[in-house]
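Visitor: Residue numbers (the UniProt record's numbering), protein chains in the order written: chain A, 1 to 309; chain B, 1 to 309.
Keep in mind that the hints were calculated from the coordinates and are not lab data. Please note that a few of the clues may not be correct.
Stated by the list, open to error - In silico SDA-like links for lysine to any residue, alpha-carbon gap of 25 Å or less: (1) A/Lys41 x A/Gly56; (2) B/Lys41 x A/Leu123; (3) B/Lys41 x A/Phe103.
Protein chains: 2
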Amino acid sequence: MTSMSDVARAAGVSAATVSRALRGEPGVSEATRRYVTEVAKRMRYAIARDASSLAGGRRYAVAVLTADVGRGDLLAGAESALRQAGYDVLLYVLHDAEARARFFDDVPLGRRVDGVLALAVRLSEDERAALGGVGVPVVAVPEDDLRESLRLAVGHLIGLGHRDVALVLAEGVDESYDEVLVAEGLAVRPEWTVWSSPTVVGGEQVVDALLDGGRLPTAVVSSSGEVALGLFLRLRRDGREVPADVSIVSLEGPELARAVGLTAVEGAWRERGEHAAAELLGLLRGERVESGPPSAHLVVRNSTGPYIG
Amino acid sequence: MTSMSDVARAAGVSAATVSRALRGEPGVSEATRRYVTEVAKRMRYAIARDASSLAGGRRYAVAVLTADVGRGDLLAGAESALRQAGYDVLLYVLHDAEARARFFDDVPLGRRVDGVLALAVRLSEDERAALGGVGVPVVAVPEDDLRESLRLAVGHLIGLGHRDVALVLAEGVDESYDEVLVAEGLAVRPEWTVWSSPTVVGGEQVVDALLDGGRLPTAVVSSSGEVALGLFLRLRRDGREVPADVSIVSLEGPELARAVGLTAVEGAWRERGEHAAAELLGLLRGERVESGPPSAHLVVRNSTGPYIG
DNA sequence: CTGTTAGCGCTTTCAA
DNA sequence: TTGAAAGCGCTAACAG
């Protein structure tokens, strides 16, 4: 393995000069820099990061924590931005309670990374503290804001003239979001706020319940993509047209929505990943990123249409 | 930051002893090991990996290459296995041609990792060579074997009594797979081997074409999950029952298939990730892993049923 | 079983 | 603008 002093010898300079030249540090003549760079390349020299980190104190590595590799775009966006800035990405998948416990038991990040990016992980107080104790900057991508997504969806529907909007929440969503409907100027009907298991079957059952309940809403917003699909299938099976009879908006499951052609709120996940990375990189250089994170947006497809009196 | 010699001083031993004790190296009395470990823990000592790698020559890190973070289970499986073995995971996402070119231009792995895992990346000859040039073991997870999946699907259908099986291949699949049908004892009809864009709409159009073509097959195998969904939707819309009139098997898109309840071939991706990691770890310790990689399996749901004469 | 002594390959003063 | 020298915090021989 050729080392920096090998390159130095070959170029007829000192190791210090090679170091400075290769890193773009000032204090090297352009001629020397060019020459050294060329020699290094010719010798296929690859720097030993360990030695570099040890001597320099900077590790040029960031730990990326994620509970859910399924959220691929987020991860890819962050990776891309970090890589471009010259940082290595250490991946930690915290997919279940056990992995999580193991990780936070002795946070193994000390002296290993310059910063931490927490993607799609809801951190407890203790965990947050543990990360803080590592002594490097931490940036977390906030959870998706259901309220914000709902606002987008409802705004769209109102624009299409809908007034009778049902809201299907996945089981586990513990709050009610009626206030959003109210804020947007809709009347709230208790029987049109329903909870469902986050599955296609769940969605189908919701339609059954809605049909039993008398008047059908003219639009339904679902917090789960699978439920939205269930709604869609069951409605069609029942002879209803989507969107002519009922419009559907999904707040999750972009792939499913895209595949089936459902209007959906999508999270700009790749961009959020990039933004979070930029924020962390800013912290590492002592700067601050001014822009806010990118927000979710509505993708209009074929499952929403104007209200037909 | 407390260093190893700090721990050594606090424990009243030499740094070498601390090093040995903490790594579980032989040559330390159990009493000493226990004591040192405890002191280290109390001082919240975290080893400086850089220094350790530099001195020891081993990096305890593996580069994981992937073209597609979407294949999350594969990645999660590999990460979990590597992490458990004490290795760090350096993630490289090669999602587009540009990222790929940048990566392979000067493979940045030299002296950074002990091994490379290529997941869901089809490597060209040049790329393979470039990786080989890094001088560390490389393990690649082979592409999914469409032929093998098809065999599973067709076997299942034949077991159910089907003889008239159509095959829908995604555009881009350049080979024909009629031989598999033949090998399983089915007659091949040219009009029942069709290509389709890998979308729901594509699947719907396939059904239209099939309906135009006269007799409908009693079962359809689709190489794409979205196409399978399109088939399903269009058939039902047309008044056909699935599986009573037509059975459907999907060879891809596990989430979609699970959501809709389609019988599908699934890839055991998490297990493949774990297996690949185990293989690499074996190489790193000079051992060989004897077992073959886990293979795809059939998940029977509600879209396949017996042939009804 | 334990300690001492050299480095590992860089970066960073400090001089020249 | 360049070089010499002194570590960074560990591990690995080699002694004891």
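Visitor: Can you give the numbers of the hints that this structure goes against, from lowest to highest?
Guide: The structure conflicts with no hint, since it agrees with every one listed earlier.
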